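Visitor: The chain contents come next:
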Amino acid sequence: MSVDGTTLELAPRSTRSDLLEEARRGGRLGRRLVVVLVALIAAGVIAQAFYVVQARPEDLITGAHGMADLLSRAMPPAWSEIGDILWPSLETIDLAIFGTLFGVLMALPLAVLAASNVTPARPLYYLARGVIALTRAVPDLVWALLFVTAVGLGPFPGALALSVHSIGMLGRLFSEVIEDMDFGPVEALTLTGASRLQVFAHAVVPGVLPSLLGISLYRFDENLRSSLVLGFVGAGGLGFQLLTAMNLFQYQTVSLLLVATFLLVMAAERGSALLRRQVA
Amino acid sequence: MSAALGDTAPGAETRLAVRGLRMRFPNGKLALDGVDLTVSAGELVTILGSNGSGKTTLLRCVARLLDPSEGEVLVDGQDLARLNGEALRKARLALAMVFQRANLVRRRSVLANVASGTLGRNRTWRTALGGLPPEELPLARELLRKVGVEQLGGQRADTLSGGQAQRAAIARALAQRPKLVLADEPVASLDPEAAEEIMRLLRQLAVESGLAVLCVLHQPALALRYSHRVVGLRDGVVAFDLRAEFCADQQIALLYKDIAA
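Residue numbers (the numbering used here), protein chains in the order written: chain L, 20 to 299; chain V, 12 to 272.
In short, the hints are calculated from the structure, not lab data.
Heads up, some of the hints might be wrong.
Residues from chain V that face chain L, not an exhaustive set, calculated with beta carbons under 7 Å [stated by the list, open to error]:
| id | residue |
| --- | --- |
| 1 | V116 |
| 2 | S120 |
| 3 | G128 |
| 4 | R137 |
| 5 | A139 |
| 6 | R245 |
| 7 | V248 |
A few chain L positions that, by computed beta-carbon distances, are all more than 12 Å from chain V [to be verified]:
| id | residue |
| --- | --- |
| 8 | G49 |
| 9 | Q67 |
| 10 | S135 |
| 11 | A156 |
| 12 | F202 |
| 13 | G203 |
| 14 | V205 |
| 15 | R215 |
| 16 | L216 |
| 17 | R244 |
| 18 | L282 |
| 19 | A292 |
A few chain L positions that, by computed beta-carbon distances, are all more than 12 Å from chain V [as the list claims (entries may be wrong)]:
| id | residue |
| --- | --- |
| 20 | L59 |
| 21 | V72 |
| 22 | P158 |
| 23 | L172 |
| 24 | E206 |
| 25 | T209 |
| 26 | V218 |
| 27 | F219 |
| 28 | V223 |
| 29 | G253 |
| 30 | F268 |
Note that this is a predicted model, so its numbers are computed, not measured.
We put the beta carbon where it would ideally sit given N, CA and C, even for glycine.
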């Protein structure tokens, strides 16, 4: 007897239960087959990844000499140039500040539209979701490339890139916070006869503000790290200095820049973690 | 025996009159099947009924949190069932609601929470942007004193105990200067002692401030002790509507019995 859908539909009740029993017994065998199949596919996927990335462990071993050479040439860091990197460091920090600030300002209204429980109209909801998805899906590095083409080299395209990408990241998290919010106070205030705007200002905002601040601080930390990479495509800051120094084989400058980068990232991480604990 | 029937005492002003209220949910379930009910000024009326008897649905229909399918809901003479938009918002100012949970804004002060009950009549730019009407703060303090938690005004709302929070929520409802207070199982999440205190407070509001209070309860004992009148609801129909002292235990027990029994 064949076990396709039509036969099952037509089979009388007794035969159908027999079929089910058979299917259950067959299920155990089938599950084992599936496990083997999945294992084989996984092995295949991993093997092709090794092949495609041209993994050659022996090169890593022979290359150790080159690495050591590079490190020795990078030591000690060019401490004397510390004055020259102060400005690029400030540029990097300001990129993160600008990117986070404008990201937050743009993401807030979008998040309100994109939260299914407070959105004023369905079309706006889908529009906002679309904008958030688009700005999020395109990496900030790509946005930076686009903006460098549009407004030229320098920190400004980097700041724009961070802003746009932050809109997407923040918009999504903000709208989730709004969707998870406690709706009791909102209902209670609505019933007192308060207007929509009053309910929003008096019940929604106090309910979600701490989470929004925490997310924004975390975003600042991420933006600082991103802004370093953005320099590589000509968007200013420490990253741009790093690229230049690498191209000029000034390895001692490179190591100084790496130290500065490390310190900045650590400071931002610690600082934002500390502030987040304060607002929680 | 006519004194036992749930007629409003002569002379008292009728604050809520529900007539022929029917509520059929979109899934076809008939939750309310022609409910008639009145509540007058100075009166605490309790609705009793088992789960699914329609008592919460009735309250939500009165507040127009649900749209009744048929019937009238006259609050202070205006039919809420027929109003919409701005007219509904205005008419609803006469009606305040207390919930099972206090539903305070947890990160704001207790005083700010109470003052936010006055937003409906203070529609200014300042209040739309999150400010509180300063001229209402004395009223908010006065109400906190009235419900017995005046010393907690400066604390954040999430530091209050369940009973204190419910008192603050009642103060917020009063800040609205309502004529009718609806309470949806206001003591369900409180310990017995706090429950008694909240019921005492609700009765006091009816007797001393002349409010009309309509309360849904799960505890028959509390209902009999504190209300003036008890309405038994069963399968969306009013089973009895009697002054509390005339309610027999048998009648109440019948409410909670299975239909099949």
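Visitor: Taking the hints in turn, state whether each one holds.
Guide: Here is how each hint holds up against the structure:
1. V116: holds (5 Å)
2. S120: The hint is violated - V:S120 has no Cβ within 7 Å of chain L, the shortest such distance being about 10 Å.
3. G128: holds (5 Å)
4. R137: Violated: closest Cβ of chain L sits about 10 Å from V:R137, beyond 7 Å.
5. A139: holds (4 Å)
6. R245: violated (27 Å)
7. V248: violated (27 Å)
8. G49: holds (39 Å)
9. Q67: At roughly 52 Å from the nearest Cβ of chain V, L:Q67 sits farther out than 12 Å, so the non-interface label holds.
10. S135: holds (19 Å)
11. A156: The assertion about L:A156 holds, with a minimum of 34 Å to chain V.
12. F202: Incorrect as stated: the minimum Cβ-Cβ distance to chain V is 9 Å, not above 12 Å.
13. G203: The claim breaks: L:G203 does not keep its Cβ more than 12 Å from every Cβ of chain V (closest is about 3 Å).
14. V205: violated (9 Å)
15. R215: violated (9 Å)
16. L216: violated (4 Å)
17. R244: Since the minimum Cβ distance to chain V is about 31 Å, L:R244 lies beyond 12 Å and the statement holds.
18. L282: Correct as stated: the minimum Cβ-Cβ distance to chain V is 35 Å, above 12 Å.
19. A292: holds (21 Å)
20. L59: holds (49 Å)
21. V72: holds (50 Å)
22. P158: Fine: 36 Å to the nearest Cβ keeps L:P158 off the interface.
23. L172: holds (41 Å)
24. E206: Given that some Cβ of chain V is not farther than 12 Å from that of L:E206, nearest at about 7 Å, it is violated.
25. T209: violated (9 Å)
26. V218: The claim breaks: L:V218 does not keep its Cβ more than 12 Å from every Cβ of chain V (closest is about 8 Å).
27. F219: At about 9 Å from chain V, L:F219 fails to clear the 12 Å cut-off, so the statement is violated.
28. V223: At about 9 Å from chain V, L:V223 fails to clear the 12 Å cut-off, so the statement is violated.
29. G253: Non-interface label on L:G253 holds, nearest chain V Cβ at 42 Å vs cutoff 12 Å.
30. F268: Non-interface label stands for L:F268: nearest chain V Cβ at 56 Å, farther than 12 Å.
This entry does not satisfy hints 2, 4, 6, 7, 12, 13, 14, 15, 16, 24, 25, 26, 27 and 28, going by the numbered hints stated previously.
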